[in-house]
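Enquirer: Line order of the protein sequences matches chains R and W.
As numbered in this note's numbering, residues 1 to 179 make up the first sequence, in order.
As numbered in this note's numbering, residues 1 to 665 make up the second sequence, in order.
Note that these hints are calculated values from the structure, not bench results.
The structure presented is a predicted model; accordingly, all values stated were derived computationally and were not measured.
You may find that some hints are simply not true.
Unchecked claim - The following residues of chain R were derived to be distant from chain W, with all beta-carbon distances above 12 Å: (1) R3; (2) D46; (3) D61; (4) K104; (5) D109; (6) L117; (7) R149; (8) R154.
Stated by the list, open to error - Heads up, simulated SDA-like pairs for lysine to any residue below, C-alpha to C-alpha not over 25 Å straight-line: (9) W:K382 with R:L22; (10) R:K89 with R:H157; (11) W:K414 with W:P396; (12) W:K478 with W:L452; (13) W:K382 with R:K81; (14) R:K156 with W:L378; (15) W:K382 with R:Q40; (16) R:K104 with W:V465; (17) W:K382 with R:D39; (18) W:K267 with W:L138; (19) W:K382 with R:G133; (20) W:K382 with R:D119; (21) W:K382 with R:A36; (22) W:K446 with W:V465; (23) W:K267 with W:E196; (24) R:K156 with R:D119; (25) W:K382 with R:G140; (26) R:K104 with W:T610; (27) W:K382 with R:G159; (28) R:K156 with R:G15; (29) W:K382 with R:S35; (30) W:K382 with R:D55; (31) W:K382 with R:R131; (32) W:K382 with R:L37; (33) W:K382 with R:A14; (34) W:K382 with R:G15; (35) R:K94 with R:A36; (36) R:K104 with W:G605; (37) R:K104 with R:I38; (38) R:K156 with R:K179; (39) R:K81 with R:Q40; (40) W:K382 with R:Y139.
Backbone N, C-alpha and C fix where the C-beta goes; we use that ideal spot for every residue, glycine too.
The lines below spell out each chain.
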Amino acid sequence: MRRLLFIVPVLIFAGVAASFMLGLMREQTASYVPSALIDQPAPEFDLPPVREGADGLATADLTADGVSLVNVFASWCIPCKVEHPLLMKLARDKVVPLHGINWKDRRSDAIAWLDQLGDPFRRIGYDGSGRAGIDWGVYGVPETYVIDREGRIRYKHIGPMSQRVLDDTILPLVRELGK
Amino acid sequence: MIAEIGHFALVLALVVAVIQTVVPLVGAATGRQSLMAVASAGALIQFPLILLAFLALMQAYVTSDFSLVNVVQNSHSLKPLLYKISGVWGNHEGSLVLWVLILALFGSLVALFGGNLPPTLKARALAIQALITVGFLLFMLFTSNPFERAFPPPADGNDLNPLLQDPGLAFHPPMLYVGYVGLSMVFSFAVAALIEGRVDAAWARWVRPWTLTAWIFLTAGIALGSWWAYYELGWGGWWYWDPVENASFMPWLVATALLHSAIVVEKRDALKSWTILLAILAFSMSLMGTFLVRSGVLTSVHAFASDPARGVFILMLLVVAIGGSLALFAWRAPQLRGGGLFAPISREGGLILNNLFLSAAAGTVFLGTLYPLFVEVLGGSKVSVGAPYFNGTFIPLMVPLVAALGIGPLLAWKRGDLRGVLSRLKLAFAVTLAVALLTGVLTWGKSVFGVLGIALAAWLASAMVIELAERIGIRRSKPSSWARRALGLPRAAYGMFFAHLGLAVTIVGITGSTLWQSELIRTMKPGETATIGGFELTLEGVESLRGPNYQAERGRFLVRRDGREIAVLHPEKRRYVVGGQETTEAAIRSRLAGDLFAVIGDADGAGGYTVRLYFKPFLPWIWFGVGFMVLGGLLSLSDRRLRIGAPQKRPRGQGSALLQAAGAE
Numbered sequence: 001m002r003r004l005l006f007i008v009p010v011l012i013f014a015g016v017a018a019s020f021m022l023g024l025m026r027e028q029t030a031s032y033v034p035s036a037l038i039d040q041p042a043p044e045f046d047l048p049p050v051r052e053g054a055d056g057l058a059t060a061d062l063t064a065d066g067v068s069l070v071n072v073f074a075s076w077c078i079p080c081k082v083e084h085p086l087l088m089k090l091a092r093d094k095v096v097p098l099h100g101i102n103w104k105d106r107r108s109d110a111i112a113w114l115d116q117l118g119d120p121f122r123r124i125g126y127d128g129s130g131r132a133g134i135d136w137g138v139y140g141v142p143e144t145y146v147i148d149r150e151g152r153i154r155y156k157h158i159g160p161m162s163q164r165v166l167d168d169t170i171l172p173l174v175r176e177l178g179k
Numbered sequence: 001m002i003a004e005i006g007h008f009a010l011v012l013a014l015v016v017a018v019i020q021t022v023v024p025l026v027g028a029a030t031g032r033q034s035l036m037a038v039a040s041a042g043a044l045i046q047f048p049l050i051l052l053a054f055l056a057l058m059q060a061y062v063t064s065d066f067s068l069v070n071v072v073q074n075s076h077s078l079k080p081l082l083y084k085i086s087g088v089w090g091n092h093e094g095s096l097v098l099w100v101l102i103l104a105l106f107g108s109l110v111a112l113f114g115g116n117l118p119p120t121l122k123a124r125a126l127a128i129q130a131l132i133t134v135g136f137l138l139f140m141l142f143t144s145n146p147f148e149r150a151f152p153p154p155a156d157g158n159d160l161n162p163l164l165q166d167p168g169l170a171f172h173p174p175m176l177y178v179g180y181v182g183l184s185m186v187f188s189f190a191v192a193a194l195i196e197g198r199v200d201a202a203w204a205r206w207v208r209p210w211t212l213t214a215w216i217f218l219t220a221g222i223a224l225g226s227w228w229a230y231y232e233l234g235w236g237g238w239w240y241w242d243p244v245e246n247a248s249f250m251p252w253l254v255a256t257a258l259l260h261s262a263i264v265v266e267k268r269d270a271l272k273s274w275t276i277l278l279a280i281l282a283f284s285m286s287l288m289g290t291f292l293v294r295s296g297v298l299t300s301v302h303a304f305a306s307d308p309a310r311g312v313f314i315l316m317l318l319v320v321a322i323g324g325s326l327a328l329f330a331w332r333a334p335q336l337r338g339g340g341l342f343a344p345i346s347r348e349g350g351l352i353l354n355n356l357f358l359s360a361a362a363g364t365v366f367l368g369t370l371y372p373l374f375v376e377v378l379g380g381s382k383v384s385v386g387a388p389y390f391n392g393t394f395i396p397l398m399v400p401l402v403a404a405l406g407i408g409p410l411l412a413w414k415r416g417d418l419r420g421v422l423s424r425l426k427l428a429f430a431v432t433l434a435v436a437l438l439t440g441v442l443t444w445g446k447s448v449f450g451v452l453g454i455a456l457a458a459w460l461a462s463a464m465v466i467e468l469a470e471r472i473g474i475r476r477s478k479p480s481s482w483a484r485r486a487l488g489l490p491r492a493a494y495g496m497f498f499a500h501l502g503l504a505v506t507i508v509g510i511t512g513s514t515l516w517q518s519e520l521i522r523t524m525k526p527g528e529t530a531t532i533g534g535f536e537l538t539l540e541g542v543e544s545l546r547g548p549n550y551q552a553e554r555g556r557f558l559v560r561r562d563g564r565e566i567a568v569l570h571p572e573k574r575r576y577v578v579g580g581q582e583t584t585e586a587a588i589r590s591r592l593a594g595d596l597f598a599v600i601g602d603a604d605g606a607g608g609y610t611v612r613l614y615f616k617p618f619l620p621w622i623w624f625g626v627g628f629m630v631l632g633g634l635l636s637l638s639d640r641r642l643r644i645g646a647p648q649k650r651p652r653g654q655g656s657a658l659l660q661a662a663g664a665e
């Protein structure tokens, strides 16, 4: 019995070493934080419009036309500007409805930004305080969410999108969900 | 050319290390003196070789030789000289050279001063030390070569991270490494003892100074890092329970337990298996820390490098070193038979309790640090473990330990008289009660844990004073003999006194600065005044200035107390030219009663600035306490009895005679 106790340390170490090995084999980096809302329904929200007289964005709007994308953006965000042409192309090609959430911004700044660069969004919700963003788990801009027909969040992309991410991940998922 | 010489020196060192591993082990197994002597010779050759490599790298940094990739990545011609030098170890590859340098240093010290070590033990210990060196040299030469050339060489470098351009942080790694890596020598001795199949008082005697040396440097290194974080990072704290901080704290906890456990082996020939295990675990924690910092497996503000390929190599190192030694332990340790018997209430019992608490503390820190990894690997969800867990588990373990610390040193060996000890400590109880009441009254309304912390510290301090007073004979003999006795006490007695006293002082610092802290975060315009901790701080203005490699916004605070001007504080916000990184330089006014801490942030666009002001009572006591601990360690280390090393050779079977001879000089 006493002998068995002596084996405990090496056994514990074996377990620890195994988890180190598995940790090393992870695909993403340790600092990647996945969304806790994947496969969960999108949060309930009802945001006012950015422009006077335009349409705001609410939960029901996400599923009005089937699968949709929600892009969180702000006028002060440089990477948002970088991905903007891709969003314009998405809107032009009418592949999937694209909605926007204007996060922690000033209405006048957002309007000026959209006027200057173009408006790819079907509907935009204004979230000046960032409260709706908290419910979505937004912790930076830009972020893009894929919403399925039942209003569930199926994918979250953090940071600006690239053509590759669109072609390899997002658009295939959209097509898959649309079937 | 010099870089190539350095590179070649590392390769030569590898060859020597391989020979130093294999030959002495064969010699010790077969009893051939000539083969065993290769161990010392190897160690003495290795150190100059690695030193050569280290100096070659340093030369490249000092002359800003940008034909070396390592220098390009971590240096810049504008950097001040001190940071060019400290840049040598402020990066992954360079710090590995420092690692093996200290491995070789300890090996050569044992080779030089190990005159009266049993030859087989010496040969085996140096062989294991060389084995570890082989592992790290292979790692360096195959994956992390500091001497890699860059072609074509760029005009200038990428600069050292400005956070590291600081005197405190320049010395934090070397000191920490002497601690971390110094534990390798103890590990080697432990593994050698397991191979020999024998652990005795002589072994414990031999191991203690090396453990103590490593412990002293580790204590100082951790405190230096903490102090640096406090004044440089500007978030007001000094300990974050960050994985890498924990990776240095765990070896410290285990080394402290080891230090005390070895006493029992030496004096009573007991607790052998536990001491060997602690010796293996202490260095294992160091190795694990090395893995965590360089593999990217855990997120940390500290992480050096996040390269999974390198991570795999270090993991192999870990499996061989830790797995191998623990397997050897499982196989051989059951054969170690203890000698002395003792009652549960005795000094041995107290030291076992000490072992238990410190090991448990190390265990909870271990669990908390690795928990996110375990959960993710098993289930896939991401969690983070922070201060609430660590504070919630560590502090409740430390409270009974500190309480017991007052009693332990007064207990007799073999069988202690608890009632007698408690009555001798009557004065300590009285002092503790008085201090607790006073503290309660002064801090009425604030956390009750503050009273508990101060009371604990008072208990420990008064118990230590009583212990020393008894030794000097204050109670039982005339005053005229006190001075003579005091001077005649062995230095280790003072070592223990200061080390434990230092703990009490540190507890006061931690309690006061954490529980009674005042904090004020607001925007201030020039001319406005804020009040904190009884001080009035007036922001007089904010000016822009240029440093050697940065631009800064510097605020000027006039500090008044009761209307009288007493100080001016200059907090800064810096922007480094090359990397674009921003740092805050907090302004701190340190006094025994507490620290006044001011940070200036961004301008709000309307003429005001965000400022953070803190008053932290007793904070400098933390550093003083650690200073006492280091002093205590140094006093103990300088004790002649420990430096004499193993006693004269005696025929076997005279266990206690051996101990008596060792005790008398």
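Enquirer: Determine for every hint whether it applies to the structure shown.
Expert: Hint check results:
1. R3: 5 Å, violated
2. D46: Per Cβ check, D46 of chain R is outside 12 Å of chain W; nearest 30 Å; holds.
3. D61: Correct as stated: the minimum Cβ-Cβ distance to chain W is 31 Å, above 12 Å.
4. K104: 16 Å, holds
5. D109: 14 Å, holds
6. L117: L117 of chain R clear of chain W: closest Cβ-Cβ about 25 Å, beyond 12 Å.
7. R149: Non-interface label stands for R149 of chain R: nearest chain W Cβ at 26 Å, farther than 12 Å.
8. R154: The assertion about R154 of chain R holds, with a minimum of 17 Å to chain W.
9. W:K382 with R:L22: 15 Å, holds
10. R:K89 with R:H157: 18 Å, holds
11. W:K414 with W:P396: 29 Å, violated
12. W:K478 with W:L452: Answer violated: K478 of chain W to L452 of chain W is near 37 Å, above 25 Å.
13. W:K382 with R:K81: 31 Å, violated
14. R:K156 with W:L378: Roughly 23 Å between the alpha carbons, so the hint for K156 of chain R and L378 of chain W holds.
15. W:K382 with R:Q40: Holds: K382 of chain W and Q40 of chain R sit about 17 Å apart, inside 25 Å.
16. R:K104 with W:V465: Given that 25 Å is the threshold and the Cα spacing comes to 61 Å, the pair is violated.
17. W:K382 with R:D39: 16 Å, holds
18. W:K267 with W:L138: Between K267 of chain W and L138 of chain W the Cα gap is close to 41 Å, so the pair fails against 25 Å, i.e. violated.
19. W:K382 with R:G133: Since the Cα atoms of K382 of chain W and G133 of chain R sit roughly 20 Å apart, the hinted pair holds (cutoff 25 Å).
20. W:K382 with R:D119: Violated, at about 36 Å.
21. W:K382 with R:A36: Since the Cα atoms of K382 of chain W and A36 of chain R sit roughly 9 Å apart, the hinted pair holds (cutoff 25 Å).
22. W:K446 with W:V465: The hint is violated at about 29 Å.
23. W:K267 with W:E196: At roughly 21 Å apart (the allowed maximum being 25 Å), E196 of chain W and K267 of chain W satisfy the hint.
24. R:K156 with R:D119: Cα-Cα ~22 Å, so holds.
25. W:K382 with R:G140: Between K382 of chain W and G140 of chain R the Cα gap is close to 19 Å, so the pair holds against 25 Å.
26. R:K104 with W:T610: Roughly 20 Å between the alpha carbons, so the hint for K104 of chain R and T610 of chain W holds.
27. W:K382 with R:G159: Distance of about 20 Å is within 25 Å: holds.
28. R:K156 with R:G15: 33 Å, violated
29. W:K382 with R:S35: 10 Å, holds
30. W:K382 with R:D55: 37 Å, violated
31. W:K382 with R:R131: The hint holds at about 23 Å.
32. W:K382 with R:L37: 13 Å, holds
33. W:K382 with R:A14: Between K382 of chain W and A14 of chain R the Cα gap is close to 23 Å, so the pair holds against 25 Å.
34. W:K382 with R:G15: 19 Å, holds
35. R:K94 with R:A36: The hint is violated at about 29 Å.
36. R:K104 with W:G605: Distance of about 18 Å is within 25 Å: holds.
37. R:K104 with R:I38: 23 Å, holds
38. R:K156 with R:K179: 20 Å, holds
39. R:K81 with R:Q40: This hinted pair is violated, its Cα atoms lying about 29 Å apart.
40. W:K382 with R:Y139: 16 Å, holds
When each numbered hint is compared with the structure, violations occur for hints 1, 11, 12, 13, 16, 18, 20, 22, 28, 30, 35, 39.
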